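Engineer: For the protein sequence lines, the chains are R and Y, in the order given.
Here the working numbering is used: the first residue of the first sequence is 37, the next is one more, and so on.
Here the working numbering is used: the first residue of the second sequence is 2, the next is one more, and so on.
By construction, these hints were calculated from the structure, which means they are not laboratory data.
Where hints are given, some of them may not hold.
[Stated by the list, open to error] Label-pair restraints from in silico Cβ distances: (1) D238(Y) x T67(R): 13 to 23 Å; (2) D238(Y) x Y64(R): 19 to 29 Å; (3) A39(R) x F157(Y): 43 to 53 Å; (4) T364(Y) x T67(R): 35 to 45 Å; (5) A39(R) x S356(Y): 43 to 53 Å; (6) P340(Y) x Q43(R): 36 to 46 Å; (7) Y64(R) x S356(Y): 46 to 56 Å; (8) L50(R) x W425(Y): 48 to 58 Å; (9) A39(R) x L187(Y): 16 to 26 Å.
Only a predicted model underlies this, so the values are computations on that prediction, with no experimental measurement involved.
For glycine and all other residues, C-beta sits at the position ideal for the given N, C-alpha and C.
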Amino acid sequence: MTASATQVIITAILVLSATTLPFLWGLYRLTTLVREHDSEEDGQMM
Amino acid sequence: MTETRDRWSSELGLIAGAIGSAVGLGNLWLFPMLVAQNGGAAFLIPYFFFTITLVWTGLVIEFNTGQIAQQGPAGAYKELGMPFGKIVGLIPGLRPLVVFAFYSSIAGWTIRYIAAPVSNGFWESPGQFFGSVNSGANSAIFAVVATLIIGTIVYFGVKKGIEPATKVMLGLLFALIILLAARGVLLDGSLEGLRYYLIPDFDKLTPTVVLNAMAQAFFTASLAGAPLVVYGSYLSDKADTVTAAITTTFGNATIAILAGFAIFPAALAVGIEPATTGPGLMFISIPQIAQQIPGSSIVVSGFFLAAALAAISTGISIMEVPVDTLRYHTGLSRKKITPLLVGFIVLLAVPTAMSSELFNLLTTVVLYSGPLAALLAPIGLFWAYDGKKTLERINEGPGINLGGWFIYWGKYVYPAGILFAYLWDIFG
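Starting from the given sequences, assemble the full structure and let the hints guide the process.
Structural biologist: Take a look at the structure:
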């Protein structure tokens, strides 16, 4: 049986999400961490 | 006077460097080809499995080898208490020099190919054109160009060279690969290629396919006990290595997955069966695929610009290892060592670029020395240093805490996995 276009699109979304979501989550987390770290340093300087 | 150790400005610098190191031609070309040769989508299942089990943990181990020792591979194993650590460290510390000798040729070809669509004879006979690029003086000239570009970036150090350069290159690489993937998906007849790429045929999920997926998952992540150890050593004590490892792993996998979207629909739409073209044929198959779709010159230049960016960012991490090794052993500064090393590499790279025998010999040396180099990080941390102390140091960072299972994982499971993947790659 050949997969339909809908099946292909759903699988494409699942496969892309499986890699991009953890990647974007990590980028967001590290960016937030850097901001927190910067604001802590600013606080210490004041 | 000994220089103070370089530092990333934050973990974001590390992940840009580490993704840059991991993303190479293995993602853009080898990954889609392996998917094609191993039953299409069936390959993706074990690939994901090993990515979410072994690969990110390997990155945690390599980052922490450098971070805990505050040394690259040259000094890390001695620092971690490994017997003969200083001598053992020379293997991962200098092996990248051999890698660079032939990698500079491949990086040079990708640079040459950015302008290939406007060169004489390119579209008429892609095979013949590649023959003229990958041999003799042409190959040597572009190997030297690649070495000089990479050497200049390394010369300026971590904060002024490697970190800003890899951030810009990765941003551009992501943008290019997204555009190429979108171009592939929007082609007429792309559904057939997407079906081939994404819908698994479970009958094809054989033990060979599983082992090929395991080997690819390992190699594409740059796990060789060297570049990622050096990059980890530029982190401060309070860095979140676990999140950095997860982000690097999935950033690397994202580019590989997107490359499949760029290649499969286009290849099948123009009637080229991806499984019949081997990895060395990227330079011939991409023009053949592109020439039958609208905007072919832009597609070819865009693809090889992406490939050149990937090759240069990987080359940076490869050259950084011997720079660190020589700094450790001689005490000389980066600014003195880098030009000397570039000169030496050129002497090694030119004959390698011109002689296919030497090229093949060096790739064999690299392949067979791989298992030892890659095993040193887990042995150094979990056997020579201490599993419990390693875990405490990993959990000192502000990010995710790992449980006690990681000690057994790092001591037994990960080394067994990496040994298996390497032996399969060599003898399988």
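Engineer: Each of the hints needs a verdict: does it hold here or not?
Structural biologist: Evaluation of the provided hints:
1. D238(Y) x T67(R): 13 to 23 Å: Taking Cβ atoms as reference, D238(Y) and T67(R) lie about 21 Å apart, which means the hint holds.
2. D238(Y) x Y64(R): 19 to 29 Å: Because 23 Å falls inside the window, the suggested range holds.
3. A39(R) x F157(Y): 43 to 53 Å: Once the Cβ atoms are compared, 50 Å apart, the range 43 to 53 Å for F157(Y) and A39(R) holds.
4. T364(Y) x T67(R): 35 to 45 Å: holds, 39 Å
5. A39(R) x S356(Y): 43 to 53 Å: Hint holds: Cβ distance 48 Å, inside 43 to 53 Å.
6. P340(Y) x Q43(R): 36 to 46 Å: violated, 57 Å
7. Y64(R) x S356(Y): 46 to 56 Å: holds, 48 Å
8. L50(R) x W425(Y): 48 to 58 Å: violated, 28 Å
9. A39(R) x L187(Y): 16 to 26 Å: At roughly 19 Å between Cβ atoms, L187(Y) and A39(R) fall inside 16 to 26 Å, so the hint holds.
When held up to the earlier numbered hints, the structure conflicts with 6 and 8 and fits the remainder.
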